[in-house]
Amino acid sequence: MSFALGLIAVVVFALLAPAMQFIARVKAWSLAPVILLAVSAVVSHLLGVLLGAMIPPQFRYWDFASIFGFGVMSYVFAFGAVYKSVSLEILLGLVDRPDRKVPVSDVVERQVPGLFRGRTKILVEGGLVEQNGSRFAPTAAGQITAGRIGRLRRAFGIGATGLYDFPD
Amino acid sequence: MNLLPGPAQTIAICLSVALPLLLLGYARIAVIHGAGRRFRLGCLSVIVLFVIACIAVPGPRHLDDLVSGVLLLMTAMMLCYVLFGLLTWGFTLTLLTALVQAGRPLTSEQWAAAYMQGGDLGTFAHNRLKLLTGSGMVTMADDKLAATAKGLAVAHLVKLVRFSTGLG
Chain A
4 MSFALGLIAV
14 VVFALLAPAM
24 QFIARVKAWS
34 LAPVILLAVS
44 AVVSHLLGVL
54 LGAMIPPQFR
64 YWDFASIFGF
74 GVMSYVFAFG
84 AVYKSVSLEI
94 LLGLVDRPDR
104 KVPVSDVVER
114 QVPGLFRGRT
124 KILVEGGLVE
134 QNGSRFAPTA
144 AGQITAGRIG
154 RLRRAFGIGA
164 TGLYDFPD
Chain B
368 MNLLPGPAQT
378 IAICLSVALP
388 LLLLGYARIA
398 VIHGAGRRFR
408 LGCLSVIVLF
418 VIACIAVPGP
428 RHLDDLVSGV
438 LLLMTAMMLC
448 YVLFGLLTWG
458 FTLTLLTALV
468 QAGRPLTSEQ
478 WAAAYMQGGD
488 LGTFAHNRLK
498 LLTGSGMVTM
508 ADDKLAATAK
518 GLAVAHLVKL
528 VRFSTGLG
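For the protein sequence lines, the chains are A and B, in the order given. Okay, so the first sequence: first residue is 4 according to the working numbering, each after it adds one. Okay, so the second sequence: first residue is 368 according to the working numbering, each after it adds one.
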């Protein structure tokens with residue numbers, strides 16, 4: 004019964020999360036898609052627990068939580084993989100071409116700089132970076148965030164390039 | 368409502384907490400190069416520890432407890448991967464840290480150079496392209512990129528995931 008309730012809660016999440024993304028887009032909410040995912044997860048989790056509380060002796064919270072957590076994280080994993088992935092943006096740009104071919108120079112000189120500009124816009128709109136004329140500078144909030152990221156990267160021994168490390 | 372986890376669930380919860388700590392520990396070991404390799408090693412370690420602990424802990428085994436434990440552990444690995452991946456390969460985050468590290472306002476071109484630590488966006492583009500060519504989604508010939516059948520299938524899957532998660 005607890006596993007079944009977990010599955011029901013996952014289905015509720017899988018319906019609620021895209022509905023909220025859609026509504027946010029239509030109503031032009033300023034909430035980040037990740038926040039909407041978190042809200043959907045909390046609502047569907049509480050709904051599942053509430054349903055579970057109605058069947059006191061049989062409901063085992065951790066059985067419920069395991070299937071709910073796995074389902075929601077699988078969704079978030081897939082969402083994260085397709086949401087603003089540079090590699091997949093390049094692939095989609097390529098596939099959308101009529102002959103599904105593109106010169107390397109087009110990706111290097113047009114598509115990637117376009118993605119770069121898109122990300123700088125996100126940072127500016129998020130209040131982490133400010134633009135003065137043609138120059139960009141971090142805001143106080145941007146410096147605090149960057150400081151936190153830097154500390155976490157140092158602790159986990161992560162370099163600051165953001166590049167994939169391929170075995171040569 | 369039963370809030371107490373079973374034995375395998377307890378092991379999985381403990382190992383889920385231990386995974387980021389293991390990653391912190393592996394970051395101190397110089398012979399383990401690359402964030403991706405350290406993450407895979409961390410996951411392998413918690414899987415092996417989970418199997419050993421499930422065998423070693425006395426008492427009867429229940430299938431639902433074991434399945435639930437596996438799901439909890441997989442949930443933790445996916446959550447860690449999403450956060451670790453963001454820290455390691457996050458384009459937008461690395462743009463912000465590069466701007467802060469520069470210590471002065473930068474033009475768009477200077478920012479791109481700071482991001483690539485002296486290189487340019489071409490290096491970044493080729494790094495992301497290497498992921499696509501290395502995974503067989505794209506081929507490169509005569510300075511042209513072409514989508515393979517696998518790339519086409521992945522692109523369709525990405526569009527499906529984007530649509531079903533409300534990303535449009």
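One or more of the hints may lead you astray.
Mimicking PhoX-like on lysine-lysine, the simulated pairs with C-alpha atoms at most 20 angstroms apart in a straight line are [unchecked claim]: (1) 517/B / 104/A; (2) 104/A / 511/B; (3) 87/A / 124/A; (4) 497/B / 517/B; (5) 87/A / 511/B; (6) 497/B / 511/B; (7) 87/A / 526/B; (8) 497/B / 87/A; (9) 526/B / 104/A.
In case anyone wonders, no lab produced these hints; they're calculated from the structure.
Do the alpha carbons of residue 497/B and residue 517/B lie within 20 angstroms of each other, as the hint requires?
-> Roughly 15 angstroms between the alpha carbons, so the hint for residue 497/B and residue 517/B holds.
Given pair status - residue 511/B, residue 87/A, alpha carbons within 20 angstroms = Answer violated: residue 87/A to residue 511/B is near 24 angstroms, above 20 angstroms.
Is the straight-line distance between the alpha-carbon of residue 497/B and that of residue 87/A 20 angstroms or less?
-> holds (18 angstroms)
Is it true that the CA of residue 104/A sits at most 20 angstroms from the CA of residue 511/B?
-> Holds - the C-alpha atoms of residue 511/B and residue 104/A are around 7 angstroms apart, at most 20 angstroms.
Is the straight-line distance between the alpha-carbon of residue 87/A and that of residue 124/A 20 angstroms or less?
-> holds (13 angstroms)
Satisfaction of hint between residue 526/B and residue 87/A, Cα-Cα up to 20 angstroms = Answer holds: residue 87/A to residue 526/B is near 13 angstroms, not above 20 angstroms.
Below or equal to 20 angstroms on CA atoms is what counts here, so check residue 517/B against residue 104/A.
-> holds (14 angstroms)
Given hint residue 104/A paired with residue 526/B - CA-CA distance at most 20 angstroms | holds (19 angstroms)
Do the alpha carbons of residue 497/B and residue 511/B lie within 20 angstroms of each other, as the hint requires?
-> Status holds; Cα separation ~14 angstroms.
The structure does not agree with numbered hint 5 stated previously, though it agrees with all others.
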